[in-house]
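Enquirer: These are the residues of each chain, in order.
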Amino acid sequence: MIFLELREISKVIGDKVILHKINLEVGEGEIISIVGPPGSGKTTLLKIICGLVAPTSGKVYLEGEDITNLPPHERGFSMVFEVPPVYPDRTGYDNIAFPLRLKKLGEDEIRKRVLAVAELLGIRHVLHRKPSTYSGGEYQRVAIARALVTQPRLLLLDEPFKNLDAKIREAMVSWLKELHKKIGVTIIYATHDPLEGMSLGNKVMVLLNGVQKQLGSPLEILMKPADLDVDDFISIPALNVVKGRIEECSENGIGVTFSNLKLRIPKKISKCELGQELFIAFRPHDLIINAKEGVSVLRGRVININYAGRNQLVSLEMNGLVVRAVVSKDLKIGIGDAISFTLNPERVRLYDANSKKLLE
Amino acid sequence: MNRQEAVKLENVTKRFGNVVAVNNVSFEVYKGELFSLLGPSGCGKTTTLRIISGLERPDEGRVYIEGTDVTELPARERRVCLVFQEYAVFPHMNVYENIEFGLKVKMLPRAERDKKVKEVAELLELVDYLNYKGGRLGLSDQQKVAIARCLVVEPKLLLLDEPLTLVDARVRERMRRELKRIQRELGTTMIYVTHDQLEALMLSDRMAVMRNGKIIQIGTPEEIYDNPADMFIATFVGSPAMNFLEGVLEVEEGMLILKTSSYKYVLSKSIESSAVQNLIGTEVVIGFRPEDAEVRHSGEVEGVIKLVEIVEDRKILHIKINEDEVKVLADIFTSFTEGQKVKVWINPLRLHIFEKKNGKKLLKGVVSR
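Protein chains in written order, with the numbering used here: chain X, 1 to 360; chain W, 1 to 369.
Just so you know, the hints here were simulated from the structure itself, not pulled from any lab data.
Everything numeric in this text was worked out from a predicted model, so none of it was measured.
Ideal Cβ positions, reconstructed from N, Cα and C, are used throughout, including at glycine.
Please note that the accuracy of each hint is not assured.
Stated by the list, open to error - Residues from chain W that keep clear of chain X, each with C-beta distances beyond 12 angstroms, as calculated:
1) Arg-62
2) His-92
3) Leu-362
What the hints assert, rightly or not - Not the full set, but computed from the structure, chain X residues with beta-carbon under 7 angstroms of chain W:
4) Pro-38
5) Asp-165
6) Tyr-307
Stated by the list, open to error - Cross-link-like lysine-lysine pairs, in silico, DSS-like; alpha carbons within 30 angstroms at most:
7) X/Lys-203 <-> W/Lys-320
8) W/Lys-343 <-> X/Lys-177
9) X/Lys-224 <-> W/Lys-315
10) W/Lys-356 <-> X/Lys-329
11) X/Lys-177 <-> W/Lys-341
12) W/Lys-31 <-> W/Lys-106
13) W/Lys-315 <-> X/Lys-203
14) X/Lys-203 <-> W/Lys-327
15) W/Lys-315 <-> X/Lys-167
16) X/Lys-167 <-> W/Lys-327
17) W/Lys-315 <-> X/Lys-213
18) X/Lys-262 <-> X/Lys-356
19) X/Lys-224 <-> W/Lys-306
20) X/Lys-177 <-> X/Lys-213
21) W/Lys-320 <-> X/Lys-177
22) X/Lys-167 <-> W/Lys-364
23) X/Lys-182 <-> W/Lys-341
24) W/Lys-327 <-> X/Lys-181
Could you put the whole structure together from the sequences, leaning on the hints where they help?
Expert: The following block contains the structure:
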């Protein structure tokens with residue numbers, strides 16, 4: 001059964017379209033990531049779901065019931081923001097107990113619930129302390145504890161780990177995933193970082209300029225981005241995109257040329273037309289360095305190297321084009337070196353030059 | 001190699017009340033180098049940078065810039081320029097005026113100012129934005145303007161304090177590449193403070209890892225990543241973090257074995273290295289990076305996949321081996337599922353052996369090449 005449903009949700013402020021016809025179905029216990037750059041409408045969408053903002057058009061359903069006009073406190077959802085308002089003059093215990101006191105629960109019940117949630121989130125040690133003594137991760141966990149203590153049916157998280165140190169952010173994402181496994185609460189998680197979103201969500205919505213570009217499993221989105229904009233947004237390190245044209249259509253695949261270079265891709269597309277212009281896109285991970293001689297071996301010169309631990313990010317210049325490659329840390333290379341490479345044909349994607357849609 | 005010294009810190013200590021923010025820190029930065037100070041929040045890296053810039057005075061120790069003792073010299077006379085985490089671009093001035101600002105202060109003639117502003121704008125790819133007001137720029141471009149404003153006055157040293165922390169993930173990735181290119185093209189000496197290990201690895205010629213006010217390792221990114229001096233650095237640098245297994249080293253039938261509380265793991269079929277023999281019977285922690293292990297059909301240790309994560313182009317398998325949990329990287333096209341039983345192989349050449357009682361590195365790799 002569908003737990004939460006968004007049907008054709010739009011939000012327009014003045015003449016600016018913030019959100020355009022968003023559709024989403026969420027099953028109970030799912031964890032959905034909404035990924036998009038700053039200003040793409042993620043926060044507005046979360047606020048519409050929890051009732052803080054009314055949509056211009058469209059409906060929100062909870063278990064089949066229209067809740068579009070239901071005030072936030074009657075929805076039974078909790079939301080945690082990027083900088084959650086944790087009260088600095090109150091202890092962790094009082095901060096977490098706050099929403100229960102608003103509900104006028106008995107102190108015994110409050111105590112039981114606060115201790116249980118603190119245990120679950122691993123923050124019993126901060127219950128008697130005030131927020132100024134917390135680390136970033138503890139602060140954020142107290143905020144999440146306060147959101148969970150009311151036993152919400154849906155937890156909305158808006159970039160909750162954005163301000164944490166990189167290493168702590170990683171740990172918090174893993175922590176949240178494990179927490180979700182344990183308690184099974186339905187979560188909608190908004191982030192500007194596509195890698196974080198794909199690592200966390202069992203389903204991911206890509207939101208660009210208020211438009212829902214794609215909704216699918218992380219693997220579907222990685223392997224079959226709906227269009228070039230999605231591919232470009234989700235690729236870190238940045239996607240390589242070159243403009244080319246089709247020179248050959250055959251049973252075995254297609255031949256494309258770009259910048260005086262030829263590439264054969266052993267893959268079929270439904271409409272192959274000679275001379276058709278397209279974008280050829282491939283991620284830095286999908287270049288194969290020091291390729292043996294063959295039809296599609298390309299040559300470039302190393303112009304930049306960023307060592308990155310388990311691998312290195314290399315910029316290559318060829319015929320005036322710059323492409324980036326992620327290569328093994330064991331490859332010994334230097335700036336100015338000539339390098340031959342080929343593209344993993346399975347992972348080259350072609351997009352229509354006009355519509356930017358994926359050609360399949 | 002004849003390297004000229006750009007900056008030297010000698011036994012620098014800085015206290016704030018009872019807190020020792022910087023504790024007896026010494027290091028050198030060479031001319032034309034990008035040197036990073038990496039560490040978690042509160043480790044003293046920013047205070048160290050502020051001491052170099054002259055914004056803080058050390059309680060003990062000396063600071064030298066190009067061989068001159070500048071410990072007593074005020075900040076404005078040091079010819080260093082600082083870029084902060086927060087954007088310090090004048091919103092009402094356009095990009096040209098922002099970059100020109102420092103040159104006007106120096107009372108340079110107009111023609112010379114114009115030449116310099118345009119050179120720097122070219123290098124940072126800001127030419128198209130020269131007429132834009134500072135406040136209209138995106139965050140990453142504002143930060144570029146802040147860097148341009150520093151570079152145009154040709155400082156002896158450019159100091160950067162977490163300049164990319166506030167920009168979003170994708171822009172940060174692009175800026176890392178650009179900063180590295182700019183630094184190489186200009187050859188300006190830069191000291192870069194960050195909590196982001198990947199940023200330090202990607203940008204630095206050399207880097208120092210700091211913890212609790214002290215420098216705990218200095219080296220090239222490769223040295224730090226491949227040979228971390230202790231378990232803290234091994235955990236802090238690298239993502240996903242290094243795996244650890246605790247146990248005692250033993251020899252059985254000529255094979256090197258790690259005996260943990262619940263199982264035995266053959267680390268190597270042979271023990272050629274005498275360094276290993278000295279460690280037999282020692283309580284150790286074995287460390288290995290997720291990319292230095294593989295899931296195979298046959299192997300020494302059996303485990304169960306607890307979680308499959310996708311990161312960049314790889315899958316991260318969280319594997320439970322008795323009481324331990326380790327992370328192993330796998331290709332994204334593999335079809336591993338949660339609950340599946342698998343065997344784990346660890347590359348013996350890439351093993352790190354730490355002493356259990358203090359976390360210090362004892363040995364790297366157990367098989368001679």
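Enquirer: For each hint, tell me whether it holds in the structure or not.
Expert: Each hint, compared with the structure:
The non-interface label for W/Arg-62 is consistent with chain X: the shortest C-beta to C-beta separation is roughly 31 angstroms, beyond 12 angstroms. Chain X leaves W/His-92 outside its interface by the beta-carbon criterion, the shortest separation being 23 angstroms against a cut-off of 12 angstroms. For W/Leu-362, the condition that its CB be more than 12 angstroms from all CB atoms of chain X holds, with the nearest at approximately 22 angstroms. The interface hint given for X/Pro-38 is met, as the beta carbon of that residue sits about 6 angstroms from the closest beta carbon of chain W, less than 7 angstroms.
The criterion of a C-beta within 7 angstroms of any C-beta in chain W is met by X/Asp-165, whose closest approach is roughly 4 angstroms, and the hint holds. The restraint placing X/Tyr-307 at the interface with chain W holds, with a minimum CB-CB distance near 5 angstroms, inside the 7 angstroms limit. As the CA atoms of X/Lys-203 and W/Lys-320 are separated by approximately 25 angstroms, the hinted pair is consistent with the 30 angstroms bound. Restraint check for W/Lys-343 and X/Lys-177: satisfied, since their Cα atoms lie roughly 24 angstroms apart, inside the 30 angstroms limit.
Between the alpha carbons of X/Lys-224 and W/Lys-315 the distance comes to roughly 17 angstroms, so the proposed pair stays at or under 30 angstroms and holds. With a C-alpha separation of about 29 angstroms, the suggested pair W/Lys-356 and X/Lys-329 falls inside the 30 angstroms cut-off, and the hint holds. Between X/Lys-177 and W/Lys-341, the direct Cα distance comes to roughly 21 angstroms. Compliance with the 30 angstroms bound is thereby established for this hinted pair. Simply put, W/Lys-31 and W/Lys-106 have alpha-carbon atoms about 24 angstroms apart, close enough for the 30 angstroms limit, and the pair holds.
With a C-alpha separation of about 16 angstroms, the suggested pairing of W/Lys-315 with X/Lys-203 holds against the 30 angstroms cut-off. Simply put, X/Lys-203 and W/Lys-327 have alpha-carbon atoms about 23 angstroms apart, close enough for the 30 angstroms limit, and the pair holds. Of the supplied pair hints, the one linking W/Lys-315 and X/Lys-167 holds, its CA atoms being roughly 19 angstroms apart against a limit of 30 angstroms. For the hint linking X/Lys-167 to W/Lys-327, the alpha-carbon distance of about 16 angstroms falls within 30 angstroms, and the restraint holds.
Taken as a hint, the W/Lys-315 and X/Lys-213 pair is honoured in the structure, with Cα atoms around 24 angstroms apart against an allowance of 30 angstroms. Pair hint X/Lys-262 plus X/Lys-356 holds up; C-alpha atoms about 21 angstroms apart against a cutoff of 30 angstroms. Taken as a hint, the X/Lys-224 and W/Lys-306 pair is honoured in the structure, with Cα atoms around 27 angstroms apart against an allowance of 30 angstroms. Between X/Lys-177 and X/Lys-213 the CA atoms are separated by roughly 25 angstroms; this keeps the pair inside 30 angstroms, and the hint holds.
Between W/Lys-320 and X/Lys-177 the alpha-carbon distance is near 16 angstroms, which keeps this suggested pair within the 30 angstroms criterion. Simply put, X/Lys-167 and W/Lys-364 have alpha-carbon atoms about 24 angstroms apart, close enough for the 30 angstroms limit, and the pair holds. Distance hint between X/Lys-182 and W/Lys-341 is fulfilled; the C-alpha atoms sit about 21 angstroms from each other, no more than 30 angstroms. Taking the CA atoms of W/Lys-327 and X/Lys-181, the gap is near 18 angstroms; set against the 30 angstroms cutoff, the hint holds.
In the structure shown, no violation is registered for any of the earlier numbered hints.
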